[in-house]
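*Asks:* In case you want the letters, here they are:
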Amino acid sequence: MGRFVVRRLVGMVVVMFAVSVLTFLIFNVIPNGDPADRMAGKNSTPAQIAAIEREWGFDEPLYEQYLTTMEKVASGDLISYANQTNVVEEIKRGLPRTFALAIGAALLWFAMGTALGLYTAVRAGRWTDTLVTVLALIGISMPVFWLGALASYYLGFKAGLFPNGGYSEIGQAGVWEWVKHMILPWAVLATLFIGVYSRVLRANVLDTLNEDYVRTARAKGLTERRVMVHHVLRNSLIPIVTLWGLDFGMVLGGGAILTETVFDLQGVGQYFAESVGQLDVPPVLAVTLFGAFFIVLLNTLVDIAYAALDPRIRLSS
Amino acid sequence: MASGVQPRSHAALPEVGRPAGLALRRLRRNRTALGFGALFVALVALALAAPLWAHIAGTTPSKNHLSDTVVVDGRTEQVVTFDGVPIAPTWQKKFFLGADTNGRDVAVRLLYGARNSLFIGIAAALITTVLAVLLGTLAGYFRGWTDAVISRSLDVLWAFPVLLLGVALGVSLALGGLKVGPLEISGDSKWIPTMIIAVVSVVYLARPIRGQVLSLREKEFVEAARAQGAGPLRIMFGELLPNLVSTILVFFALLVANAILLEAALSFLGAGVQPPEPSWGTMLAEGITLLATSPHLTIVPGLMLVLTVLSLNIFGDGVRDALDPRGKVRPEHG
Chain A
1 MGRFVVRRLV GMVVVMFAVS VLTFLIFNVI PNGDPADRMA GKNSTPAQIA
51 AIEREWGFDE PLYEQYLTTM EKVASGDLIS YANQTNVVEE IKRGLPRTFA
101 LAIGAALLWF AMGTALGLYT AVRAGRWTDT LVTVLALIGI SMPVFWLGAL
151 ASYYLGFKAG LFPNGGYSEI GQAGVWEWVK HMILPWAVLA TLFIGVYSRV
201 LRANVLDTLN EDYVRTARAK GLTERRVMVH HVLRNSLIPI VTLWGLDFGM
251 VLGGGAILTE TVFDLQGVGQ YFAESVGQLD VPPVLAVTLF GAFFIVLLNT
301 LVDIAYAALD PRIRLSS
Chain B
1 MASGVQPRSH AALPEVGRPA GLALRRLRRN RTALGFGALF VALVALALAA
51 PLWAHIAGTT PSKNHLSDTV VVDGRTEQVV TFDGVPIAPT WQKKFFLGAD
101 TNGRDVAVRL LYGARNSLFI GIAAALITTV LAVLLGTLAG YFRGWTDAVI
151 SRSLDVLWAF PVLLLGVALG VSLALGGLKV GPLEISGDSK WIPTMIIAVV
201 SVVYLARPIR GQVLSLREKE FVEAARAQGA GPLRIMFGEL LPNLVSTILV
251 FFALLVANAI LLEAALSFLG AGVQPPEPSW GTMLAEGITL LATSPHLTIV
301 PGLMLVLTVL SLNIFGDGVR DALDPRGKVR PEHG
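As given, the protein sequences belong to chains A and B, one line each in that order.
Residue numbers for the first sequence follow my numbering, so the first one is 1 and each next one is one higher.
Residue numbers for the second sequence follow my numbering, so the first one is 1 and each next one is one higher.
It should be emphasised that the hints constitute simulated quantities derived from the structure, not laboratory data.
Watch out, some of these pointers could steer you wrong.
[Claimed, not checked] Computed beta-carbon distance windows for the label pairs: (1) 83/B <-> 75/A: 30 to 40 Å; (2) 45/B <-> 60/A: 54 to 64 Å; (3) 238/A <-> 148/B: 45 to 55 Å; (4) 28/B <-> 213/A: 27 to 37 Å.
[Stated by the list, open to error] Stretch by stretch, here's where chain B covers chain A in the computed footprint (C-beta under 8 Å, at least three residues): (5) 9 to 21; (6) 52 to 64.
[Unchecked claim] Sample of chain A residues lacking proximity to chain B, with all beta carbon distances greater than 10 Å (derived): (7) 6; (8) 69; (9) 77; (10) 86; (11) 89; (12) 146; (13) 157; (14) 199; (15) 212; (16) 223; (17) 258; (18) 262.
Positions of the beta carbon are idealized from the N, C-alpha and C atoms, including for glycine.
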């Protein structure tokens, strides 16, 4: 078990390194104009541009630039090209907002996805199953920013039920105001995932119902409820938990750019969206690394949890 | 080869026929899936007929009608009012679905946008399929270091927050275009979002294909082919590929659906199709900022997109039920 954990952690570091190199290359190999040129502004002399190049190290070889950038990420001194703010500070500022969105939405979609998946599996073939299935498919067929914009405008602005976007600090306006600002973002982001989770769980439950141990449990005379919860649901949840780990990691790491942007939550994802538009490399690199870190971390945690539960996994490969 | 030795009499039995025939019969019984499949085909036909509607409406997707007027219910109305508010749907030939702030016909743009969105969706899914089958088959068949290199690269792709990667690539490439050897793609080409979406989606299909090849290569029919002296290429494409068709089919509709949603997301963030070229994503990006005065600019392209993706998802669901292996694409467009 110890060796398995070590191997996974080493793998995690390797993947993070590859992600950082790739992201760095995207902006330094693809020709998209000289950053020094952009920073110097329209009416700049070649001497000014050269000075900026020296100051920011753009004249150094690529691997040097990469190393200096990564050093700055690690020490928290990374500075944005576009507005000279500290990138790590900006990410820290967005962190509570992104976490609030991610944790709330992830809990909501897990609970709703499980409940609906179980319900439709038990009712498989009846009209309620069809209805929920169609609703779930509609949920995964909508662009999240479209649903978000409509909800924010019609339920928020027009009906006045919710605030029209923005984030409210708990420390400033209290918990209730915070919840009111988060309900729509949570619901909109979760809609996307509830559809997927309920479909996957339904398929798993229907598969598990055919297993011999379920027949045995029924033959022993256990109540249907006990069979469903202890034998069927418990085993059907395993793939759902894997999926949840990955998706939760993605959203925690700023992956919900669209939801954050459309509700103006000013989280890490929105910071990314605003920076990438200005081709501001340092924040883009930092947020991508930050996002990849959470995805890889959650992925590794899920793998380790499985290995602890199932010896076949840690012994193979 | 392998299919040639199958006894023909099986086809006559009611429920144990050839797998493909069986799946087709199951799909034919699924009326909902077939209906939505037909709806998707109709939407594609509608997109192909875009020039026809443009001819009827007497305009083009990029022609401005800022100072024009149009007669609605006997009243003459400005296409775009002096405060810049475009006309709502007129439900007649001209401006059937209203105009946008540049005085362009929304219905015409919607159909031309459908061409771009569907092109990107289908082309990206095709490229993804080719790449994923190639990588998955190579990794699964050769194992060893080939598998190690491919699988670890896929791990890296899997760890990337897909939307972040897509947006970073999209913005970067839109500015400078792409030059690979003799191939030159300009920054506003729709091949750029197509390639980005194709590449970031490869991992969904490559992993299951690899897993399947790993188990298929141990089967007797592969051993038989090898005993007959078939080389790796012949085994991979002659023997293994036909057995992967059902997995590919299950994923294909879902890949197209996902690609259309990703196109919209990238375009919304300015990293996809570049204006003035219409696509559902760019139309939504323009429309959402004007939700208060001109809701039709948001609702019309949005509904069209949802209908298209929904029809693909329901049809894909039916195909999966008919073929039965599990296929799933993670939602990455949050």
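*Asks:* Evaluate each hint against the coordinates.
*Replies:* Hint check:
1. Taking the beta carbon of each, residue 83/B and residue 75/A are about 52 Å apart, not inside 30 to 40 Å as hinted.
2. For residue 45/B and residue 60/A, the hinted distance range of 54 to 64 Å is satisfied, since their beta carbons lie about 56 Å from each other.
3. The hinted range of 45 to 55 Å is not satisfied by residue 238/A and residue 148/B, whose Cβ atoms lie roughly 27 Å apart.
4. Separated by about 35 Å at the C-beta atoms, residue 28/B and residue 213/A satisfy the suggested range of 27 to 37 Å.
5. Only residues whose C-beta sits within less than 8 Å of a C-beta in chain B count toward coverage, and the segment 9 to 21 of chain A has 6 of them, enough to reach three; the restraint holds.
6. Check on the segment 52 to 64 of chain A: 0 of its residues sit with their Cβ under 8 Å from a Cβ of chain B, so the three-residue criterion for coverage is violated.
7. Taking the minimum C-beta to C-beta distance to chain B, about 17 Å, the non-interface status of residue 6/A holds against the 10 Å cut.
8. No beta-carbon of chain B comes within 10 Å of the beta-carbon of residue 69/A; the shortest separation is about 15 Å.
9. The claim that residue 77/A lies off the interface holds: its Cβ sits roughly 22 Å from the closest Cβ of chain B, which is beyond the 10 Å cut-off.
10. Even its closest Cβ contact with chain B, about 20 Å, leaves residue 86/A beyond 10 Å, as expected for a residue assigned away from the interface.
11. Against chain B, the non-interface label of residue 89/A holds: every CB pair exceeds 10 Å, the least being about 20 Å.
12. A beta-carbon of chain B comes within 10 Å of the beta-carbon of residue 146/A; the shortest separation is about 4 Å.
13. Not every CB of chain B lies more than 10 Å from the CB of residue 157/A, the least distance being 8 Å, so the non-interface label is violated.
14. A beta-carbon of chain B is positioned within 10 Å of the beta-carbon of residue 199/A; the least distance is around 8 Å.
15. Once the 10 Å rule is applied to beta carbons, residue 212/A is consistent with being away from chain B; the minimum gap is 20 Å.
16. With a closest Cβ-Cβ approach of about 30 Å to chain B, residue 223/A is found to remain outside the 10 Å limit, as its non-interface label requires.
17. Non-interface call for residue 258/A relative to chain B: violated, since the shortest CB-CB distance, roughly 6 Å, does not exceed 10 Å.
18. Non-interface call for residue 262/A relative to chain B: violated, since the shortest CB-CB distance, roughly 8 Å, does not exceed 10 Å.
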